[in-house]
Structure formats: structure tokens, C-alpha cells
Amino acid sequence: MSIVERPSQSSTTSTTNQGARKQRDANEHKFLSFCLGTETYGVEILKVREIIGLLAITPLPQTPPYVRGVMNLRGRIIPVIDLRLRFALPAVEATKETCVIVLESTDTEGEQTVMGAVVDSVREVQDIPPSAIEPPPEFGCEIPLGYIQGMGKVKEKVILLLEIAEVVGSRERQQIAQAAAAASKREAA
Amino acid sequence: MRGALDFTPRWLEASTPFPLVLDKARHMSLRQSINQAAKAVVLTDARDLPGLVALQDLLQSITREAQTRQASDAAASSAEAAELVEQIVLRQVADVEQAFLRLSEAISKLDESTPEDGTAPAAPTNSCSGRTGVDRDLIAAWVSGCETTIPELEHLAVACEDRSHADDELADLKRRIHTFKGECGVLSLDRAQRLCHDTETHIEEALAQGQFPVDAVLALADWLRGLMAVLACDPIAEEPDDANARAALCAGFHATKPSDAPSEIASPPVPATPGDDRAIQLNFDAADDNLADFVTEAKEHLANAENAVLQLEKSSGDPEHVNVIFRAFHTIKGVAGFMNLVPVVRCAHAAECLLDRVRSGTRALDSTVLDLVLVSSDILGQLIAGINGGPLPSERAVESLIARLQSASEGSNAASPTSAAPSAMVKETTPAGPLDAPPPAPPASTDPNARVAAMRKGDQTVKVSTLRLDSLVNEVGELVIAQLMVMQDPAITAVVDQRLQRNLAHLGKIVRDLQETSMSLRMVTLRATFQKMARLVRDVAHKAGKRVQLVVEGEDVELDRNVVEEIGDPLVHMIRNACDHGIESAADRRAAGKDETGTLRLRAFHSGGSIVIEVADDGRGLNRERILKKCVERGLLDPSRNPADIPDSEVWNYVFLPGFSTAEKVTDISGRGVGMDVVRRNIEALRGSVEIYSTPGEGSVFSMRLPLTMAIIDGMVVRIGTQRYVVPTLSIERSFRPVASDLTIVFGRGELVRVGEQHLAVHRLKQVFDVQEGVDELSEGLLLVLESGKRRACVFVDEILGQQQVVIKTLGARESLRGVSGGAILGDGRVALIVDVGGLLEEAASRGHDRLQRTESRSSLKEHMS
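So the sequence lines, in the order shown, correspond to chains G and X.
The first sequence runs 0 to 188 under numbering that gives the first Met the number 0.
The second sequence runs 0 to 865 under numbering that gives the first Met the number 0.
In case anyone wonders, no lab produced these hints; they're calculated from the structure.
Among the hints, a few may not be true.
Unchecked claim - Some chain G residues close to chain X (C-beta under 10 Å, calculated; not the full set):
hint: 1; residue: Val69
hint: 2; residue: Arg73
hint: 3; residue: Val121
hint: 4; residue: Val124
As the list claims (entries may be wrong) - Computed list of chain X residues with no C-beta within reach of chain G, every gap over 10 Å:
hint: 5; residue: Glu203
hint: 6; residue: Ser314
hint: 7; residue: Leu520
hint: 8; residue: Glu583
hint: 9; residue: Ala615
hint: 10; residue: Ser688
hint: 11; residue: Glu732
hint: 12; residue: Gly828
If you're wondering where the values come from, they're calculated on a predicted model, not measured in any experiment.
All residues carry an ideal CB built from backbone N, CA and C; glycine is no exception.
Start from the sequences, fold in the hints, and give me the full structure.
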């Protein structure tokens with residue numbers, strides 16, 4: 000243990016920080032692709048916490064049909080939505096490939112939500128550089144497309160990249176607002 | 000520490016052979032040489048001749064260099080230092096220790112008088128970059144060593160203040176500060192080194208005047224402690240701002256040698272206007288992570304102090320209580336100083352000074368002092384609450400408090416060295432005034448938890464974030480479920496093996512113990528809450544001009560943290576009521592043949608799986624007639640009812656209605672009828688209940704029954720189809736299988752069932768919760784009679800699976816669902832929803848209402864058509 004003028008050891012911490020950042024950077028443009036029917040979609044890998052098989056789901060009352068209910072993720076109860084129903088695709092029987100993508104999102108108030116999304120199957124993790132992502136299309140009408148982050152082009156195929164916070168956000172909020180309005184109407188009556 | 004470093008010149012062998020350093024000295028900046036010399040002084044001792052010679056050479060070269068730069072002060076100092084070294088080498092000094100002291104002083108002086116070299120920006124400053132060369136391990140070792148030495152320093156300082164037998168202590172103290180200075184020098188903690196040095200100088204000066212600057216030393220100790228906390232997290236972190244420690248130092252310097260204070264406050268001495276009504280300004284950095292910790296800790300300290308004051312009032316003279324108060328204020332002052340919360344520091348300081356007079360026996364401990372301490376505690380509490388966004392006290396309040404504290408402490412001993420302190424600190428409070436150092440930057444890289452942990456090491460308790468606790472409890476819960484799943488696995492149950500069974504049983508026991516322990520982690524005692532009530536009783540009784548004695552029992556009873564936090568308000572209301580309405584005035588009590596001093600009994604105990612907290616007074620009791628009269632006046636009670644037939648419990652229940660008050664006049668303590676409403680609502684929110692027992696002339700008892708924890712409920716697991724739900728057992732009055740003859744179907748209004756004398760509405764849970772499966776025929780299922788507030792109804796389920804304690808969890812969805820209060824994970828790992836009975840009955844009723852509306856409109860249509 001020498002006392003004076005020893006070469007610094009501080010570099011170790013900065014390297015680990017850099018390492019973490021590097022890894023983050025490396026994952027920045029990675030997307031997990033999954034299937035719903037014939038279509039392929041993608042979500043940012045940074046928002047994916049894990050992928051699990053379909054567990055027992057407890058239905059919730061007073062929720063839109065695409066909210067499948069809640070399930071037990073190792074002691075934590077998380078809501079589960081069915082992306083098929085969310086995108087108005089017909090419901091299908093669960094197969095061996097059906098699984099739940101556990102997603103994490105942080106809203107504008109900094110509150111973190113974890114939820115599961117039921118999908119038909121999970122494909123792969125793909126690198127989609129920003130140059131290969133086009134902004135969501137404008138259909139020339141007022142269809143809210145907030146939940147589409149962009150259109151990623153991979154090998155001449157188009158993958159719809161989803162903004163997961165919006166997928167549940169907008170519609171569910173609407174639904175809740177409707178429910179609240181109905182309740183107040185009831186009360187007024 | 001000196002002893003630890005006590006061998007041949009490590010500073011010499013450490014980096015480069017010394018001659019090379021000498022050669023380089025010319026190229027090296029002057030300041031670097033001086034730093035080298037400062038380190039050398041600490042690391043050499045009298046026996047280390049080569050080291051001393053090398054040091055002498057270095058000093059001589061510094062002298063030459065200083066001369067060429069025409070820094071005559073520096074040259075003189077270093078020449079003096081060189082001379083000293085020579086004397087030490089030649090054994091010409093009588094007291095080697097003393098000589099070293101002087102030597103390091105000379106070098107520090109040299110350090111100060113040396114102009115910054117414009118050419119060499121590489122001079123070690125207290126910036127991170129300047130300190131990266133220091134060994135982290137070394138700093139860490141030093142910091143852990145200081146954990147004991149700093150309290151010793153404080154202890155010595157206090158001992159020295161009592162000058163009668165303090166010569167040894169004084170010498171020891173000086174030695175210690177000096178050691179600190181040297182060590183800080185080695186570790187490139189320039190600011191700390193300089194502060195130690197200035198404190199040393201200050202002590203000498205003050206002693207020359209026959210005083211001992213205890214404040215300066217304590218401030219130094221506080222500051223060092225803050226420094227340790229920072230370094231404990233990050234050894235190469237920047238040193239914290241020393242403005243407050245300097246202020247204490249300046250306060251002493253002020254009288255003797257104002258120009259010498261190196262951090263002479265630059266702003267002109269604008270005195271704070273004492274008569275200002277504006278809310279006082281707190282300059283704090285809201286982003287500082289430590290603030291929250293400070294706020295909670297400070298509140299605890301204040302509570303302790305208040306409690307000690309009350310103890311003192313009861314049995315005056317126990318010096319330990321004074322010490323408790325002193326320590327509380329002292330700690331708050333220290334940490335607040337670290338946070339740059341000047342008004343807090345000033346208040347705490349003034350109170351501390353007063354207490355110090357008391358402690359040293361120069362001020363009698365009378366009611367004035369105790370009152371002042373309580374007022375200080377209040378003002379500090381407000382200031383601290385202000386950090387969290389609460390209203391801040393006015394400047395006038397703070398100033399007048401400080402003035403009162405000062406006059407109280409000066410009243411006995413005007414010549415005390417502390418009296419100079421506040422005047423100098425006033426300068427610091429001018430919020431806009433530029434301080435010599437910028438406000439401390441938020442220490443970005445340090446973890447507040449680690450820092451607190453570092454500060455409180457050695458305590459019996461650890462502060463852990465509730466998030467971590469919750470996740471531990473969760474994981475243990477998960478473990479329990481996993482264990483159950485293993486135990487019930489058919490593959491396991493099929494094995495008939497004694498050893499396996501024994502091991503499984505053992506595993507089960509461990510898991511259960513673990514679960515119990517983890518649940519107990521969230522439990523805290525009621526002590527702190529009850530202590531607050533002691534203060535409340537004192538204040539309310541004073542205000543009402545009554546004499547009330549509080550007897551507390553069961554303050555060690557443990558409750559879930561959340562519950563303890565929530566019962567504060569109800570308790571306050573109940574105790575206020577008891578003091579204000581329950582206990583009579585002294586004259587009335589005398590007339591009734593009772594002791595003039597009323598007794599208020601605050602009691603907590605376990606009873607049948609829950610906790611009961613009782614507030615009992617020996618006052619006049621509730622006035623049955625007056626409550627009944629009021630009820631009739633307000634139309635709550637049918638006037639035709641015979642008052643004698645109404646049971647007491649019903650009468651007492653009216654007290655809980657919002658706006659109900661029998662008080663003839665509204666005082667500022669109570670009487671508006673809000674209190675008991677709050678009590679009942681808060682307690683029901685905690686899934687508890689409250690009851691009143693009262694005997695006229697003998698007093699009343701308010702008894703709260705609370706669950707042990709908010710995290711667990713006792714629930715009945717019911718089934719509908721394949722779905723299971725948990726209904727809180729507390730809300731279930733009874734359950735039965737309905738008989739067809741008791742059922743009535745009211746067209747369009749739903750079904751009714753006769754329960755005893757009453758007809759209750761039947762709600763089918765499967766309809767309310769939109770479950771597709773389940774029994775439809777009422778006689779094939781079970782009816783639960785549920786009760787919530789005023790509502791009472793029957794809920795139809797398929798069957799009851801059993802009673803079980805479940806851990807309540809949130810559903811993870813941000814929006815709450817009506818009729819569902821959360822989820823629980825059952826033994827098989829699946830989630831069952833917990834029924835919120837109040838919400839469920841409301842929801843069911845509103846659906847019924849809908850149906851009713853539809854049928855009514857239809858029938859009116861029919862009438863119309865016919």
C-alpha cells in the first residue's frame with residue numbers, strides 16, 4: 000500500500016460504465032420481431048423484459064376484451080393484453096408457440112409499468128438501423144397511429160414497429176373515459 | 000494514524016527517488032514542492048534522519064525558488080521551516096512533538112502565503128482530477144478509521160470546554176486535529192487540511208484569550224463527518240463545501256483577527272432585517288438526494304428531543320435527557336450545515352448554545368428553557384417541513400426565536416465565546432450575498448443510501464429502502480408458493496421415503512420461518528407515534544388550562560409501517576377530544592371528588608390477531624342525553640322512539656357522523672365535529688374498526704382495532720365457475736344456502752332473500768364480474784351476507800373454498816376497477832382477485848338501478864298505452 004502518487008485506479012469504474020453504455024448503444028437499434036397472424040411486428044428490445052410461455056390468466060371485470068386479465072410473474076401481478084384482439088384480428092386457440100412478451104414502459108410521469116402481451120409467436124432479434132426505418136404512413140385521414148413507431152425494412156419485408164406505451168395507452172384511456180362518463184350518467188339519472 | 004505511518008520515509012520511496020524530485024523541483028511548480036513538503040512532514044518522524052535531511056533540502060530549494068519569485072512571506076516561512084528541520088535533525092529541540100507541530104504550521108503558512116503559480120495549473124486542488132492520484136484503498140481505510148476518531152474529537156472538545164481538568168484533553172485534542180490535518184494533506188484533501196489548520200490557529204488564539212472555541216471544533220467535527228460520508232461512497236469525490244464550518248470559525252475569528260480568516264465572507268455585512276414578516280428563505284438544492292433522508296432523520300431527532308423535554312418536565316435534572324436534546328439539535332445542525340440550510344443551522348445552533356449553558360451548569364434548567372426548546376423544536380420542524388414544500392415560518396419568527404435563545408443563554412454568561420457566533424452567521428443568511436464558495440454541487444455520483452449507511456454504521460438498525468423490503472417480501476412469498484408446488488407435486492407425493500419426507504418437512508419449516516421474519520421486517524413500534532402524543536397532550540392541556548397526565552402503555556407493540564403512519568391523525572383527534580371535552584376543568588373535577596389532574600391512558604395491545612389501541616380518559620364521559628337531543632334536532636333519529644330503548648352503542652355511533660358535535664362552543668382545539676368523522680374514515684381505510692365505551696362521570700374509552708398489517712388480509716376464498724375470488728372475512732357477516740321459500744323475485748328489481756327479519760337484495764357475483772360460467776340456480780350455491788358501511792346485501796357465489804391469509808398485491812394496472820381492491824396469489828400460483836366489498840355493493844346497486852330505470856320506463860310506457 001503505497002501512500003503517495005500512486006497511479007489511479009479510478010479507470011475501472013469508468014470502463015464498466017462505458018461497457019454498460021456500449022451495450023445499451025448496441026441494443027438501441029435492435030428489435031424483437033413477433034407474429035400476429037401473417038403479419039410481422041417489432042418492439043424495441045430495450046423495452047422487452049423477458050419472454051415467457053402462456054401461464055394461467057385471471058380475467059378482470061369491466062375491461063375491454065383485449066385485456067386478457069392479470070397473471071403472476073414470479074410474485075408480481077401484471078396485466079396481460081392480447082395483441083391479436085387489440086388489432087382486431089380474430090381470436091385463435093393458443094398453440095405451443097403462443098407466448099407472452101413482458102414489456103416495460105415508462106410513462107411521461109416517470110411511472111414504470113410492466114405488462115404482458117400475448118402474441119402468436121416470437122421470431123428473432125433484428126438489427127434495424129434508423130436509416131432503414133420510415134415514419135408511419137399517413138393515410139390522409141385522422142386515424143390515430145401513435146402506436147406505430149415506424150416501418151422497418153428488413154430484407155425487402157416491412158415490419159411494423161410498435162410504440163408499446165401507446166398500444167394500450169390511447170385506447171384503454173378512451174375506454175376508461177367512456178366507462179367513467181357512463182357511470183356519471185347513471186349517477187345523474 | 001501517525002503510528003500507522005511511522006516508518007522510514009515512504010513519501011520518499013513512493014514515487015521517485017528523492018534526488019530526482021529535487022532536480023525536478025525547479026521545473027516543478029512551487030506549489031507542488033510545497034505540497035510535497037507538507038506530505039513529508041506528516042510522514043517523517045524524528046528518528047527518520049534521511050527523510051528529515053531530504054525535507055530540509057526540499058524546504059531550502061523552496062526558499063530559493065520563493066526568493067526568485069519575490070514571495071518574501073513564503074520564503075521566510077520556508078526558511079523558518081528549514082531551520083526547524085535542522086534543529087530536529089541536530090536534536091536541538093526539547094519537545095520533538097512540539098517541533099513537528101510548529102513545522103507543519105510553518106509549512107501550512109507557507110502554503111497559504113505562496114501565490115498561485117500562473118504557469119502550473121496542475122497544482123492539486125480539491126477537484127476530482129486533482130485527487131485521482133490518491134490511493135482509493137488508503138482513503139477507504141482512513142475513512143473507516145475516522146468513524147471512531149471524529150466522535151472522540153467531539154467528546155474531547157466538549158470536555159475541553161470545561162476547563163478545570165482539561166489540560167490533557169486539550170493537548171490530545173490539538174494533537175488529533177493536527178493529525179487530521181496531516182492525514183488530509185497526504186490524501187490531497189486540501190480544503191480539509193486548510194480547515195484543520197485554521198481551526199488549530201483559532202484554538203491557539205482563543206486559548207490565549209482564556210477561552211476555548213468549542214463551536215469551531217464541533218463545526219470542524221461535523222464537517223469532517225460530512226466529508227467522511229462523501230468519501231465513504233466515492234473516495235475521489237470532491238470535498239463538500241466548508242462554508243458553514245468556516246462560519247463557525249469566523250465567528251471566533253471575528254473578535255480577534257478578522258483579516259486572517261481565509262474565507263472572509265465577501266459580502267458586505269448586511270444584517271438580516273429581523274422584523275420581516277415574509278416567509279424565511281431556505282436555500283437548498285431540491286435535487287440533493289440527501290434532503291429526503293435529512294428530513295426524515297431530523298423529524299426523528301426532534302421527536303426524541305421533545306420526548307426528552309417532557310421527561311425533564313416530569314423528573315427534572317436527569318442530565319442524560321439534556322444530552323439527548325443537545326445531541327438531537329447538534330446532529331440536525333451538523334447535517335443541515337452540510338446541506339447549506341442556514342436558518343436551520345442558526346436555530347439549532349442557538350438552541351444548542353442554550354442547552355450547553357444548561358449542561359455546563361451555568362444556566363438553570365427551568366421552564367423558560369424547556370419552553371424555548373419546544374418552540375425551537377417547532378420552528379425547526381416547520382423549517383424542515385418547508386423543505387418538503389410545507390409553509391415556512393416567517394423570518395420574524397425565526398429571528399425572534401434566535402434572539403430569545405441567545406438572550407436566554409447570555410443571561411447567565413455574557414462573555415461566552417459562543418455569543419459571537421450568531422452575529423457572524425447573520426452575514427451568511429443574506430440569501431443573495433455571494434459566499435466565498437459556491438453552494439455545494441449535488442454529489443451526483445453518490446448513493447444516498449450508502450451515505451446514510453456510512454453515517455450510521457455501528458447503529459443497531461439499518462435503513463433499507465422500502466422497495467427492497469417489498470421485493471424481499473415478494474420473493475419470499477414466491478418461495479412459499481414454489482415450495483408448496485414442490486410438496487404437492489404428484490411425483491413427490493408418490494414417493495414413500497422417510498428421509499425425503501423429513502427433509503421436505505424441514506424445508507417447510509425454514510420457509511415458514513423465513514416468511515415470518517420477512518413479514519416482521521415491515522413492522523415498527525408505536526413508540527415514535529406515542530411520543531408525539533405526549534407532546535400533544537401537554538400542549539392541549541396547557542391551552543385548555545387543565546392538568547392532564549398521560550400514561551402510555553404498550554409502546555413497544557409492533558405494527559405495519561403503513562398502519563403506523565396512518566393512525567397518527569386519528570390518534571391526534573381522539574386525544575384532543577379526550578383532553579378538551581372528556582377531562583373536566585380542575586374545579587369541576589374537585590367538585591366531582593376526583594383528583595385535579597386528569598389521567599389520559601394511551602394503550603396498545605394484541606388481541607385476537609389484531610392490535611387494539613385505546614385512548615381512555617377519566618373525565619365526564621359522553622353525554623347520552625345531549626347526543627340524543629342533537630340527533631333529534633338534526634333529524635337523524637325518529638323522535639317517537641323511546642330514548643331508553645336505544646342501545647348505548649348506537650348512541651355513541653352518532654358521534655362519528657360528519658359535522659356532529661355536542662360541544663357548546665367551538666374552541667381552537669376541537670368542537671367542529673370533523674374529528675371523529677376523520678377517525679372513523681381513516682380507521683376503516685385501514686380495515687380496522689373503532690368502538691366507544693363510556694360511563695357518565697367515570698370517563699370514556701375509544702378503542703381502535705387494527706389489522707397487524709396492511710399487506711395481508713384474512714380472506715374467504717370463493718369460487719365461481721373456475722374463477723376464484725377472495726372476500727375479506729371481516730366484511731362477511733354470515734353465509735348460508737338459501738331455501739327457495741325465503742326467496743322473492745321482484746319483477747324488474749331483482750331478487751330478494753329473507754335473512755332473519757330483513758329482506759336483502761341478492762347480487763350474483765358472476766353477473767357483476769361478467770363471468771361466463773358458474774351456477775345459476777340460487778339453491779345450488781351459497782349466499783354471503785356482506786356489510787360495508789350502511790350497505791348490506793347478499794352476494795351469490797358457487798361455493799366457499801376456505802379461509803386463508805393472503806398477501807395483497809396491486810394489479811399493475813394504473814386504473815382501479817370497481818369492486819376489486821387488488822390481487823392475491825394463491826397456493827397454486829394463480830391470481831385471485833380480492834373483492835372490495837364497498838365497491839362491489841355500490842357497483843351492483845348501480846346496475847340494479849339501471850335495470851330498475853329500464854323497467855320503470857317500460858311500465859310507464861305500458862300504463863300510457865293502456
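- Against the earlier hints, flag every one the structure doesn't satisfy and list their numbers going up. 3, 4, 12
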